[in-house]
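J.: 1 is the number of the first residue of the sequence shown in our numbering; add one for each residue after it.
What the hints contain is simulated information worked out from the structure, not anything from laboratory work.
This one's a predicted model, so the numbers in the text were calculated from it and none came from an experiment.
Just so it is clear, CB atoms sit at the ideal spot from N, CA and C, and this is done for glycine as well.
Hints are supplied without guarantee of correctness; some may be wrong.
Said to hold, decoys possible - Simulated crosslink set (PhoX-like; lysine-lysine; CA at most 20 angstroms straight-line): (1) K168 with K9; (2) K168 with K147; (3) K25 with K204; (4) K147 with K22; (5) K25 with K147; (6) K87 with K147; (7) K27 with K194; (8) K27 with K147; (9) K210 with K20; (10) K194 with K204; (11) K20 with K147; (12) K27 with K115.
Claimed, not checked - Derived DEER-like restraints, expressed as beta-carbon distance ranges: (13) G116 with Y193: 37 to 43 angstroms; (14) K108 with V38: 45 to 51 angstroms; (15) K87 with R162: 47 to 53 angstroms; (16) Y111 with K147: 29 to 35 angstroms; (17) M21 with D190: 19 to 25 angstroms; (18) G161 with K115: 28 to 34 angstroms; (19) D10 with H96: 46 to 52 angstroms; (20) A153 with M1: 36 to 42 angstroms.
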Amino acid sequence: MLNGERMLKDGKQCRLQVMKMKGWKRKMDYTQTGLQWVPSSPHIPHAHSAFFYPVSGILGELGYMSIGVGYTIPFQMFAAPWVEAEKLTRSLNARHVPGIVFRPMYLKPFYSVGKGELLQGVQVHIMDFGKAPLSEIQFLVMEEVTKLYPDRAVFDHADKGRFSMFDKVCGSQQIRERFSRRNAWEDARDYWYKDVEDFRRLSKQYYLYK
Numbered sequence: 001m002l003n004g005e006r007m008l009k010d011g012k013q014c015r016l017q018v019m020k021m022k023g024w025k026r027k028m029d030y031t032q033t034g035l036q037w038v039p040s041s042p043h044i045p046h047a048h049s050a051f052f053y054p055v056s057g058i059l060g061e062l063g064y065m066s067i068g069v070g071y072t073i074p075f076q077m078f079a080a081p082w083v084e085a086e087k088l089t090r091s092l093n094a095r096h097v098p099g100i101v102f103r104p105m106y107l108k109p110f111y112s113v114g115k116g117e118l119l120q121g122v123q124v125h126i127m128d129f130g131k132a133p134l135s136e137i138q139f140l141v142m143e144e145v146t147k148l149y150p151d152r153a154v155f156d157h158a159d160k161g162r163f164s165m166f167d168k169v170c171g172s173q174q175i176r177e178r179f180s181r182r183n184a185w186e187d188a189r190d191y192w193y194k195d196v197e198d199f200r201r202l203s204k205q206y207y208l209y210k
């Protein structure tokens, strides 16, 4: 698609050879292949870990809350020393996020954010992968944190030196700027999804797998 739509700088073409896989369908996830999972990172230890990476990885760039890196469930949780686990759990479950259930948790990370500290927070349980809006979850957590702890709003207290990487993984500084006006996901949501349908239509003609 990059070559076909001349998306690269100055219209350049990348030298590319694609080896098509056998037996793969677009509707499959990795667990349906029957293949063993080889960790793509120390923090992506299982096939289901790949589902959780978009759940918290963007917020994780700020180093503001533990997202489970340094504990036993990387990318599956959100926690901090000032969070009240039960209160945050109730607040998030009240949003009735499709395919998602939150539960309270208490932990001491072995390394990374919050190492050795007693943290409280929520574990994210994906009950239906087909319905869960994975990347939205971290923004909903950020919003609920601000509602419960107004003096802990993420962008008011996170290391500003890490904003650049947050913006990179979001694809634009617009997400941070729009969200931080009121610490509300609805202020950034339309921008987040604005190119989705156009991308789907454009990319479909390049699909290798049906």
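J.: Take the hints in turn and mark each one as holding or not.
T.: So, going through the hints one by one against the coordinates:
no., hint, verdict
1, K168 with K9, "holds (18 angstroms)"
2, K168 with K147, "violated (26 angstroms)"
3, K25 with K204, "holds (14 angstroms)"
4, K147 with K22, "violated (49 angstroms)"
5, K25 with K147, "violated (42 angstroms)"
6, K87 with K147, "holds (11 angstroms)"
7, K27 with K194, "violated (24 angstroms)"
8, K27 with K147, "violated (38 angstroms)"
9, K210 with K20, "holds (12 angstroms)"
10, K194 with K204, "holds (17 angstroms)"
11, K20 with K147, "violated (48 angstroms)"
12, K27 with K115, "violated (39 angstroms)"
13, G116 with Y193: 37 to 43 angstroms, "holds (39 angstroms)"
14, K108 with V38: 45 to 51 angstroms, "violated (29 angstroms)"
15, K87 with R162: 47 to 53 angstroms, "violated (27 angstroms)"
16, Y111 with K147: 29 to 35 angstroms, "holds (30 angstroms)"
17, M21 with D190: 19 to 25 angstroms, "violated (36 angstroms)"
18, G161 with K115: 28 to 34 angstroms, "violated (20 angstroms)"
19, D10 with H96: 46 to 52 angstroms, "holds (48 angstroms)"
20, A153 with M1: 36 to 42 angstroms, "holds (38 angstroms)"
Going through the hint list in order, the structure does not satisfy hints 2, 4, 5, 7, 8, 11, 12, 14, 15, 17, 18.
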